[in-house]
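Asks: Starting from the known structure of chain A, fit chain B onto it as the hints suggest.
Number of protein chains: 2
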Amino acid sequence: MALIVQKYGGTSVANPERIEHVAGKVAATRAQGHDVVVVVSAMAGETDRLIGLAKEITPRPSPRELDVLLSTGEQVTIALLSMALEKRGVPARSYTGGQVRILTDNAHNKARILEIDDARVRADLEAGRVVVVAGFQGVDREGNITTLGRGGSDTTAVALAAALGADECQIFTDVDGVYTTDPRVVPEARRLDRITFEEMLELASLGSKVLQIRSVEFAGKYRVPLRVLSTFQEGPGTLITYEEPDMEQPLISGIAFNRDEAKLTVLGVPDRPGIAAGILGPISEANIEVDMIVQNVAEDGTTDFTFTVHRNDFERAREILEQVAPKLGARGVDGDTRIVKVSLVGVGMRSHAGIASRMFAALARENINIQMISTSEIKISVVVDERYLELAVRTLHDAFELSEPPREGD
Amino acid sequence: MALIVQKYGGTSVANPERIEHVAGKVAATRAQGHDVVVVVSAMAGETDRLIGLAKEITPRPSPRELDVLLSTGEQVTIALLSMALEKRGVPARSYTGGQVRILTDNAHNKARILEIDDARVRADLEAGRVVVVAGFQGVDREGNITTLGRGGSDTTAVALAAALGADECQIFTDVDGVYTTDPRVVPEARRLDRITFEEMLELASLGSKVLQIRSVEFAGKYRVPLRVLSTFQEGPGTLITYEEPDMEQPLISGIAFNRDEAKLTVLGVPDRPGIAAGILGPISEANIEVDMIVQNVAEDGTTDFTFTVHRNDFERAREILEQVAPKLGARGVDGDTRIVKVSLVGVGMRSHAGIASRMFAALARENINIQMISTSEIKISVVVDERYLELAVRTLHDAFELSEPPREGD
Numbered sequence: 001m002a003l004i005v006q007k008y009g010g011t012s013v014a015n016p017e018r019i020e021h022v023a024g025k026v027a028a029t030r031a032q033g034h035d036v037v038v039v040v041s042a043m044a045g046e047t048d049r050l051i052g053l054a055k056e057i058t059p060r061p062s063p064r065e066l067d068v069l070l071s072t073g074e075q076v077t078i079a080l081l082s083m084a085l086e087k088r089g090v091p092a093r094s095y096t097g098g099q100v101r102i103l104t105d106n107a108h109n110k111a112r113i114l115e116i117d118d119a120r121v122r123a124d125l126e127a128g129r130v131v132v133v134a135g136f137q138g139v140d141r142e143g144n145i146t147t148l149g150r151g152g153s154d155t156t157a158v159a160l161a162a163a164l165g166a167d168e169c170q171i172f173t174d175v176d177g178v179y180t181t182d183p184r185v186v187p188e189a190r191r192l193d194r195i196t197f198e199e200m201l202e203l204a205s206l207g208s209k210v211l212q213i214r215s216v217e218f219a220g221k222y223r224v225p226l227r228v229l230s231t232f233q234e235g236p237g238t239l240i241t242y243e244e245p246d247m248e249q250p251l252i253s254g255i256a257f258n259r260d261e262a263k264l265t266v267l268g269v270p271d272r273p274g275i276a277a278g279i280l281g282p283i284s285e286a287n288i289e290v291d292m293i294v295q296n297v298a299e300d301g302t303t304d305f306t307f308t309v310h311r312n313d314f315e316r317a318r319e320i321l322e323q324v325a326p327k328l329g330a331r332g333v334d335g336d337t338r339i340v341k342v343s344l345v346g347v348g349m350r351s352h353a354g355i356a357s358r359m360f361a362a363l364a365r366e367n368i369n370i371q372m373i374s375t376s377e378i379k380i381s382v383v384v385d386e387r388y389l390e391l392a393v394r395t396l397h398d399a400f401e402l403s404e405p406p407r408e409g410d
Numbered sequence: 001m002a003l004i005v006q007k008y009g010g011t012s013v014a015n016p017e018r019i020e021h022v023a024g025k026v027a028a029t030r031a032q033g034h035d036v037v038v039v040v041s042a043m044a045g046e047t048d049r050l051i052g053l054a055k056e057i058t059p060r061p062s063p064r065e066l067d068v069l070l071s072t073g074e075q076v077t078i079a080l081l082s083m084a085l086e087k088r089g090v091p092a093r094s095y096t097g098g099q100v101r102i103l104t105d106n107a108h109n110k111a112r113i114l115e116i117d118d119a120r121v122r123a124d125l126e127a128g129r130v131v132v133v134a135g136f137q138g139v140d141r142e143g144n145i146t147t148l149g150r151g152g153s154d155t156t157a158v159a160l161a162a163a164l165g166a167d168e169c170q171i172f173t174d175v176d177g178v179y180t181t182d183p184r185v186v187p188e189a190r191r192l193d194r195i196t197f198e199e200m201l202e203l204a205s206l207g208s209k210v211l212q213i214r215s216v217e218f219a220g221k222y223r224v225p226l227r228v229l230s231t232f233q234e235g236p237g238t239l240i241t242y243e244e245p246d247m248e249q250p251l252i253s254g255i256a257f258n259r260d261e262a263k264l265t266v267l268g269v270p271d272r273p274g275i276a277a278g279i280l281g282p283i284s285e286a287n288i289e290v291d292m293i294v295q296n297v298a299e300d301g302t303t304d305f306t307f308t309v310h311r312n313d314f315e316r317a318r319e320i321l322e323q324v325a326p327k328l329g330a331r332g333v334d335g336d337t338r339i340v341k342v343s344l345v346g347v348g349m350r351s352h353a354g355i356a357s358r359m360f361a362a363l364a365r366e367n368i369n370i371q372m373i374s375t376s377e378i379k380i381s382v383v384v385d386e387r388y389l390e391l392a393v394r395t396l397h398d399a400f401e402l403s404e405p406p407r408e409g410d
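So the protein sequences, as listed, match chains A and B.
Residue numbers for the first sequence follow UniProt numbering, beginning at 1 and rising by one.
Residue numbers for the second sequence follow UniProt numbering, beginning at 1 and rising by one.
Check before you lean on any hint, since a few could be wrong.
[To be verified] Mimicking BS3-like on lysine-lysine, the simulated pairs with C-alpha atoms at most 30 Å apart in a straight line are:
| no. | chain 1 | residue 1 | chain 2 | residue 2 |
| --- | --- | --- | --- | --- |
| 1 | B | Lys110 | A | Lys87 |
| 2 | B | Lys87 | A | Lys110 |
| 3 | B | Lys55 | A | Lys25 |
| 4 | B | Lys221 | B | Lys110 |
| 5 | A | Lys25 | A | Lys87 |
| 6 | A | Lys110 | A | Lys55 |
| 7 | B | Lys87 | A | Lys55 |
| 8 | A | Lys87 | B | Lys55 |
| 9 | B | Lys25 | A | Lys55 |
| 10 | B | Lys55 | B | Lys110 |
| 11 | A | Lys221 | A | Lys110 |
| 12 | B | Lys221 | B | Lys25 |
| 13 | A | Lys25 | A | Lys221 |
| 14 | B | Lys25 | B | Lys87 |
[What the hints assert, rightly or not] Here are the in silico distance ranges between beta carbons for each label pair:
| no. | chain 1 | residue 1 | chain 2 | residue 2 | range |
| --- | --- | --- | --- | --- | --- |
| 15 | A | Asn106 | B | Ser403 | 57 to 67 Å |
| 16 | A | Ala44 | B | Asp48 | 13 to 23 Å |
| 17 | B | Ser374 | A | Gly89 | 43 to 53 Å |
| 18 | B | Arg49 | A | Gln233 | 23 to 33 Å |
| 19 | B | Gly128 | A | Asn109 | 16 to 26 Å |
| 20 | A | Gly329 | B | Gly128 | 55 to 65 Å |
| 21 | B | Glu285 | A | Asn106 | 50 to 60 Å |
For the record, the hints were derived by calculation from the structure and aren't laboratory data.
Cβ atoms here follow ideal geometry from the backbone N, Cα and C, with glycine treated the same way.
Chain A extracted, bound-state conformation:
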């Protein structure tokens, strides 16, 4: 008998019929002899409806009152799911974040969980009840309602699993697991049975939007075994776990890509100390986030300094650079919004040389020009022309045989 925390998102509880379906899944888990704590989001569309009401009153609602408003969304779901469970003869009890209680700081709309008092939850589990908890919300020390920000229900589930020492935290979504890459680009993309936390972090931040990144960090910190699986389809999903020495570890787990970036280059900057700060300082002061940064020394004592930003920030960043460039003695500013970033991710590459050259050779065979390169311990990213996105991802998926199940010692 295990203790399982299950989290169901807004699509999974979008209407009473789906809530009944979720109740059936919870009942089935319990029938296998497990204790179950369920965390739910607001019914799909409900949070947007509530925000719409607030916006009718004011474009800038008070953050405290917005939390009072939005937290009702999950409260509706916990009540309905508990009713559906009790109808099936499964004793259940619902709790808001404040009732559990999930203590957070007082940063309304983006609060962080400080502490969970699990006494009531444990007492209910011991009494044989399923405990249904509202995701996304908590209370600060003064008892004010707070929310964790969009997607915060994943974080609630992981934090509860950590506090309770749960055996597994299961995140139910509308996909049946984490894939080697986006199946819409590579139809042969394969569902991964397991993946490490570090890989998941890289894949999530690069655009495979299966899990909220904060919840993955949280799970990593407290070593909570996390499983992603589908509400609508039976299957084992993907287990997100730690790197184990004896684990069958493929070199590469997956290929992520990001179409939302744009590239900016300051041309012919004199190559002397302080140049990078001189360029990026004004960018960061404007609250523009920078992703990849590449600088190469040229032979004439000048350098081209290139970095990427979100496409929405491109125009603003270019204007800033055009003001800054003359002061730095640069020759000019260049930019391109029609680029994509493609990344190979895998903890296996730590111990294997040659991944990068194999990657670059595969791209070269297809005549795909690499505009930028950046590497980390478990990731190699390249920037290419956006026309080559699908070709690049398929080529790399093939080159690293990602549609084949991993082999012993590969």
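Replies: Here is chain B on its own, set in the frame of chain A:
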């Protein structure tokens, strides 16, 4: 400077536009130098929408979970109203029943308020804030969410006013006060400037559905001055207060009527002790409520025993009586659903004889036959054929000059 508790019902906060209107009224009260605590209901239709969701899942939702669900309705309103106040530059803070906290017993769906901790509300008032409290809800000693039942927001307002020692509790509705009778029946009906609690109780229970009766009882118990006034129309409304010796007290304050009753008579019952219990025992065991009861001794040693019930209970009550009558030696059972009850209400009648005869004489002049009579300290009720309802009410309204403002010493 006074402390005012204002309560706005569902129609008054039915949409963001009306919530803005309410915010304007609250801001105006505050601009007059008063401290304001506002109690609000769920937006009109919201409670029914939530009940609809529950019913899609189960016809008999768990009372505990129904309270978790329904309490979100008022929580949405407090957040939106606080936003609207802050937009106007009025500092405001919202609280759920549990946050205040409003402690209740654990009778879910019909909880009673035990105690109010007014510390947070007082602190906010001292800090110059308007406090916005969710009506209709509280928490029990274990922190479970409870609701007070439909109309409970009035009770919340009165209980808060009592706990805070407020100078006045203002109940805003869609009527501009309490009238001498229903203006749809008597166009000359006059708004009363003031009325006693006892009169209000009689008028409310007799069908002038302005205020929830429990909240009036509560206000009477704690001597909270209560004012009924309109959200949509300026005016002083009606102040519900205590009988004061020097108050300009008219004999009669108003005329109530009730079209929902039906009359049942057990004919020719032998006149001996225990007969009333023999008839009404089986009726009350069937959970049928009885209103008026009349019994007259006849000369032949038998009596006719007559009482009224709600029309919905008429058929059931008649069946019971038809089984009971032979055992009691009665001659038979008669019934009539086409009756109405018309009541004169006024604390002034306590000290004045002759009200009853003046009433009966007025009805006799119009040839209206009186079928039943029942009296209390401040009320005389008669049952007449439902065809005469309008005629009877207009006749009495005229006879007691209710469209004239009260005169000194009348």
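Asks: Would you mind marking each hint as holding or not holding in the structure?
Replies: To see whether the hints hold, each was checked on the structure:
Simply put, Lys110 (chain B) and Lys87 (chain A) have alpha-carbon atoms about 22 Å apart, close enough for the 30 Å limit, and the pair holds. About 22 Å separates the Cα atoms of Lys87 (chain B) and Lys110 (chain A), which keeps this hinted pair within 30 Å; it holds. Using a Cα cut-off of 30 Å, the hinted pair Lys55 (chain B) and Lys25 (chain A) holds, with the two alpha carbons roughly 21 Å apart. Annotation: proposed proximity of Lys221 (chain B) to Lys110 (chain B) holds, straight-line Cα distance about 19 Å (limit 30 Å).
Pair hint Lys25 (chain A) plus Lys87 (chain A) holds up; C-alpha atoms about 14 Å apart against a cutoff of 30 Å. Of the pairs offered as hints, the one joining Lys110 (chain A) and Lys55 (chain A) holds, with about 19 Å between alpha carbons and a cut-off of 30 Å not exceeded. At most 30 Å may separate the alpha-carbon atoms for a hinted pair to count; Lys87 (chain B) and Lys55 (chain A) meet this at roughly 12 Å. Simply put, Lys87 (chain A) and Lys55 (chain B) have alpha-carbon atoms about 12 Å apart, close enough for the 30 Å limit, and the pair holds.
A C-alpha spacing of about 21 Å is found between Lys25 (chain B) and Lys55 (chain A), which places the hinted pair at or below 30 Å, so the restraint holds. Only pairs whose Cα atoms come within 30 Å are accepted, and Lys55 (chain B) paired with Lys110 (chain B) is accepted, the gap being roughly 19 Å. About 19 Å separates the Cα atoms of Lys221 (chain A) and Lys110 (chain A), which keeps this hinted pair within 30 Å; it holds. A distance of roughly 28 Å separates the Cα atoms of Lys221 (chain B) and Lys25 (chain B); the hinted pair therefore holds under the 30 Å criterion.
For the hint linking Lys25 (chain A) to Lys221 (chain A), the alpha-carbon distance of about 28 Å falls within 30 Å, and the restraint holds. Restraint check for Lys25 (chain B) and Lys87 (chain B): the C-alpha separation of about 14 Å stays at or below 30 Å, so the hint holds. At about 58 Å, the CB distance of Asn106 (chain A) to Ser403 (chain B) agrees with the hint of 57 to 67 Å. Ala44 (chain A) and Asp48 (chain B) have their C-beta atoms about 22 Å apart, which keeps the hinted 13 to 23 Å range intact.
At about 50 Å, the beta-carbon gap between Ser374 (chain B) and Gly89 (chain A) stays in the expected band of 43 to 53 Å. At roughly 31 Å, the beta-carbon separation of Arg49 (chain B) and Gln233 (chain A) lies within the given 23 to 33 Å, and the hint holds. Taking 16 to 26 Å as the suggested C-beta distance range, the pair Gly128 (chain B) and Asn109 (chain A) conforms, at roughly 24 Å. One distance hint, 55 to 65 Å for the beta-carbon pair Gly329 (chain A) and Gly128 (chain B), holds here, with the actual separation near 57 Å.
The supplied range of 50 to 60 Å is met by Glu285 (chain B) and Asn106 (chain A), whose beta-carbon atoms lie about 57 Å from each other.
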